[in-house]
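Let the sequences and hints guide you as you build the complete structure.
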Amino acid sequence: MEKEFLDENFNNFFEVNKQRFESKLLDQAVNVRDKINDILRVGDIDLINNAHKLIYYVIDGEKQDELQAFAKQEGIAWATHSLTLYFKLEWVQAIRRTLWSFIQEYTKATQKLTIDTIFDLEKLLNNRIDHFLNVFFINYSTYKDALISAQREVVENLSVPIIPITPNMCILPLIGSVDSFRTTILEEKVLIEIGRLHIQTLIIDLSGVAEMETEIIDKLMKMISGTSMMGCQSIITGLRPVVVRQMVKLGITFEKETKTYGTLQHALNEYFIK
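Quick note: the sequence shown, position 92, residue 92 per full-length UniProt numbering, numbers continuous.
Simulated from the structure, these hints should not be mistaken for laboratory data. Note that the structure is a prediction, hence the values are computed from the model and not measured. Some clues are possibly wrong.
[Said to hold, decoys possible] When the alpha-carbon atoms are kept at most 27 Å apart in a straight line, the in silico DSSO-like pairs for lysine-lysine are as follows: (1) LYS108 with LYS123; (2) LYS112 with LYS123; (3) LYS123 with LYS63; (4) LYS144 with LYS259; (5) LYS112 with LYS24; (6) LYS259 with LYS249; (7) LYS259 with LYS219; (8) LYS222 with LYS249; (9) LYS222 with LYS256; (10) LYS18 with LYS35; (11) LYS24 with LYS123.
[Unchecked claim] Across the chosen pairs, the derived CB separations fall in these ranges: (12) LYS123 with ARG245: 52 to 60 Å; (13) HIS266 with ASP179: 27 to 35 Å; (14) ARG97 with GLN200: 40 to 48 Å; (15) SER101 with GLU255: 50 to 58 Å; (16) GLN200 with LYS249: 27 to 35 Å; (17) GLU22 with SER82: 23 to 31 Å; (18) VAL242 with LYS108: 55 to 63 Å; (19) ASP116 with THR166: 35 to 43 Å; (20) PHE137 with SER23: 27 to 35 Å; (21) VAL30 with ASN126: 15 to 23 Å; (22) ARG245 with ARG41: 16 to 24 Å.
All C-beta atoms, glycine included, are put in the ideal place defined by N, C-alpha and C.
Okay, here's the thing in C-alpha cells:
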C-alpha cells in the first residue's frame, strides 16, 4: 500500500475551505467556467461536485478502485454526449493546480510536511491524477469508437449497437427513428447477443429517441420481457416525456425487475460508483 502523507487534519482544512476551493478552481479554469451549466444540461454532469469527488479519491489511498471506476464512468459519459475533451483536460489540470495551492497553504500553516515529504507527495498525488486521466481517455476513446461504429451499423444495416462496458454488462443506445422493421431486428439481435455474450445487465438508453408509435412501444416491451426470460436484467434510461405520456395513456408499465433512470449518467453512477 502506498504511504499516505495527508492526515485527517488536511481533510478538515479542505472541508472548511470548500467554497474558497471552488472559487479558486473557477479562476483557474477560465475556458470551462462559462460552460459548466451547458455541460450539466447536455450531459447531466456536475463539474463542481465531480471536482470534489476527484479530490476525495485522489487524497485517499484506500479509494483507488473508486477513482478508476469514476474515471471510466466519466469517460463513457463524455463520449456519449460528445463533450469537448479540451474542457475536460483543462478542468482536471485546474483541479490539480488548485489542490496544490491548498496543500501549500496547509503546509505553511501547520509546518507538518518536510521538503522530502512534499516531493514524495507530489509524485503520489500527480500519479493518481494522471492515472485518472489515462483511464478517462482510454474509456472515452474506446466507447466513442464503439458508439460511432455501432451507429454506422444502425444507419447502414439497421443493426443493433450493443456495446459491452464490462464482461456481463452492455449498453444499447437507440438513436433516431425507431420503426416497426427496426424493432423487429432489435428484438432478434438483442436476444441473440444476450445468449452469445452472456449479458446479465442491459442498459437501454432511449435519450436519442424523440417519440415512438404505440405499436413500437408494444414491441419494445415485448423485447424487454424477452430479455428477462433469458435471465438478463433490463435498465431503461433517458425516456422522453412524450414517450412516458404515451405509455401512461396506454396503461403500460415495466416489469418490477426493470429499473429506470432519468439519464445514462445516473445508471452508470449507480453501477460503477456505488
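Okay, the hints, checked on the actual structure:
{"no.": "1", "hint": "LYS108 with LYS123", "verdict": "holds (20 Å)"}
{"no.": "2", "hint": "LYS112 with LYS123", "verdict": "holds (18 Å)"}
{"no.": "3", "hint": "LYS123 with LYS63", "verdict": "holds (17 Å)"}
{"no.": "4", "hint": "LYS144 with LYS259", "verdict": "holds (25 Å)"}
{"no.": "5", "hint": "LYS112 with LYS24", "verdict": "holds (24 Å)"}
{"no.": "6", "hint": "LYS259 with LYS249", "verdict": "holds (20 Å)"}
{"no.": "7", "hint": "LYS259 with LYS219", "verdict": "holds (18 Å)"}
{"no.": "8", "hint": "LYS222 with LYS249", "verdict": "holds (18 Å)"}
{"no.": "9", "hint": "LYS222 with LYS256", "verdict": "holds (14 Å)"}
{"no.": "10", "hint": "LYS18 with LYS35", "verdict": "holds (21 Å)"}
{"no.": "11", "hint": "LYS24 with LYS123", "verdict": "holds (23 Å)"}
{"no.": "12", "hint": "LYS123 with ARG245: 52 to 60 Å", "verdict": "holds (56 Å)"}
{"no.": "13", "hint": "HIS266 with ASP179: 27 to 35 Å", "verdict": "holds (28 Å)"}
{"no.": "14", "hint": "ARG97 with GLN200: 40 to 48 Å", "verdict": "holds (42 Å)"}
{"no.": "15", "hint": "SER101 with GLU255: 50 to 58 Å", "verdict": "holds (52 Å)"}
{"no.": "16", "hint": "GLN200 with LYS249: 27 to 35 Å", "verdict": "holds (33 Å)"}
{"no.": "17", "hint": "GLU22 with SER82: 23 to 31 Å", "verdict": "holds (27 Å)"}
{"no.": "18", "hint": "VAL242 with LYS108: 55 to 63 Å", "verdict": "holds (57 Å)"}
{"no.": "19", "hint": "ASP116 with THR166: 35 to 43 Å", "verdict": "holds (41 Å)"}
{"no.": "20", "hint": "PHE137 with SER23: 27 to 35 Å", "verdict": "holds (28 Å)"}
{"no.": "21", "hint": "VAL30 with ASN126: 15 to 23 Å", "verdict": "holds (22 Å)"}
{"no.": "22", "hint": "ARG245 with ARG41: 16 to 24 Å", "verdict": "holds (22 Å)"}
Checked against the numbered hints above, the structure breaks none of them.
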